[in-house]
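Enquirer: For reference, the chains in residue letters:
There are 2 protein chains.
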Amino acid sequence: MTSVAILGGTGQQGRALAQRLQHAGLRVTIGSRDPGRARAAVAAWIALAPAVEVADNAAAVAQADVTMLAVPFTFVDPLLEELRPHFKVGSLVVDLIVPVTFAGGKIAMVEVAEGSAAEHVRARLPASVRLDCDEFVCGDSDAARAEAVALVALLPGLRPVDVGALSRARSIEHLTALAIAINRRYKIHDARFRVVGLT
Amino acid sequence: MTSVAILGGTGQQGRALAQRLQHAGLRVTIGSRDPGRARAAVAAWIALAPAVEVADNAAAVAQADVTMLAVPFTFVDPLLEELRPHFKVGSLVVDLIVPVTFAGGKIAMVEVAEGSAAEHVRARLPASVRLDCDEFVCGDSDAARAEAVALVALLPGLRPVDVGALSRARSIEHLTALAIAINRRYKIHDARFRVVGLT
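Listed in order, the protein sequences are those of chains A and V.
Under numbering that gives the first Met the number 0, residues 0 to 198 are what the first sequence spells out, in order.
Under numbering that gives the first Met the number 0, residues 0 to 198 are what the second sequence spells out, in order.
Calculated from the structure, these hints are not laboratory results.
Any given hint could be a false lead.
No distinction is drawn between identical chains; accordingly, a pair holds when it is met within one copy or between any pair of copies.
Said to hold, decoys possible - Under the rule of at most 20 Å between Cα atoms (straight-line distance), these lysine to aspartate or glutamate pairs were calculated in the EDC-like manner:
id, residue 1, residue 2
1, LYS105, ASP189
2, LYS105, ASP161
3, LYS87, ASP76
4, LYS186, ASP161
Model the full assembly from the supplied sequences, consistent with the hints where possible.
Expert: Now the structure itself:
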């Protein structure tokens, strides 16, 4: 059984993922700096996904075949610094981070020296770990992309779209920034992009 | 009757727009550096949109309520330099440019000092001209966005989505770059993004 760790799993995105992945039959662990607090947060919805577990970040990552990063961009550097020695060799990291700020009520992309948050994350992972991102799947390893595609396909209502090299990550991050802008402007909560024209 | 000039209208995107806008009841002129050559290109499909006219760029822009820029990014600087004195005061420019290169068979975004091709265009337009872009409509003028939304709504199958300030243009350009990448990867020709979650 594939074991998935979700870091940042007490947020809205992580919570939705945890529930859907558990319902899809995966073993799901939410990683947290403070497992006590995370357990309290998870208690509010654990009835919807009773097999979801909570652990500290290092323990969650150490047993995970797939680690999903759903933390704010500003948290990622110290987090990966701490977790670097704990990733399983050959495991997959799925980056869900969108580097946006909401300063003064305005959404803006954070400039990232590596080109995108995903490339920033890649530079901070052990070489033995593969990286992929999101429903729109990109990454420089064919195997990692294939695994991420299979994972996304497990989630009801999501269709994985393979967009190729990791250098596409910035475009995916812009896509998500645009979805956030649309949410705000139209006062909705779940704007997403669907590719039309793909059979 | 609203008069629309399409610059770059002999390309695939411009041609599709010209046909659809004429069918929607607008007066459509295709602007070209070389009207003779443009007329020859248009002859291939003029039966589908018989009222479409051809003119040189300056004449097309001078009578246009709306000018659509569908030229390659590398052409835009000399073009706007030439056309700057010819735009009608208060007219609307709709920027459809996506600054991508295909060097070595790989799609890459062109870095633009102003942040996006649309902001680059804005900096080269007279202040009296309003700027907007695309099906995903952005711009710093509420009136320009409203007019562009109305224009997009005339096109069958397209739903305008207002994403706010001109600074969102880069995200829209990334969206289109991603559509091009999906087209290539899946060997299709018409990948587009539809916003899901918007009623």
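Enquirer: Hints numbered earlier in the text: which of these fail when held up against the supplied structure?
Expert: none
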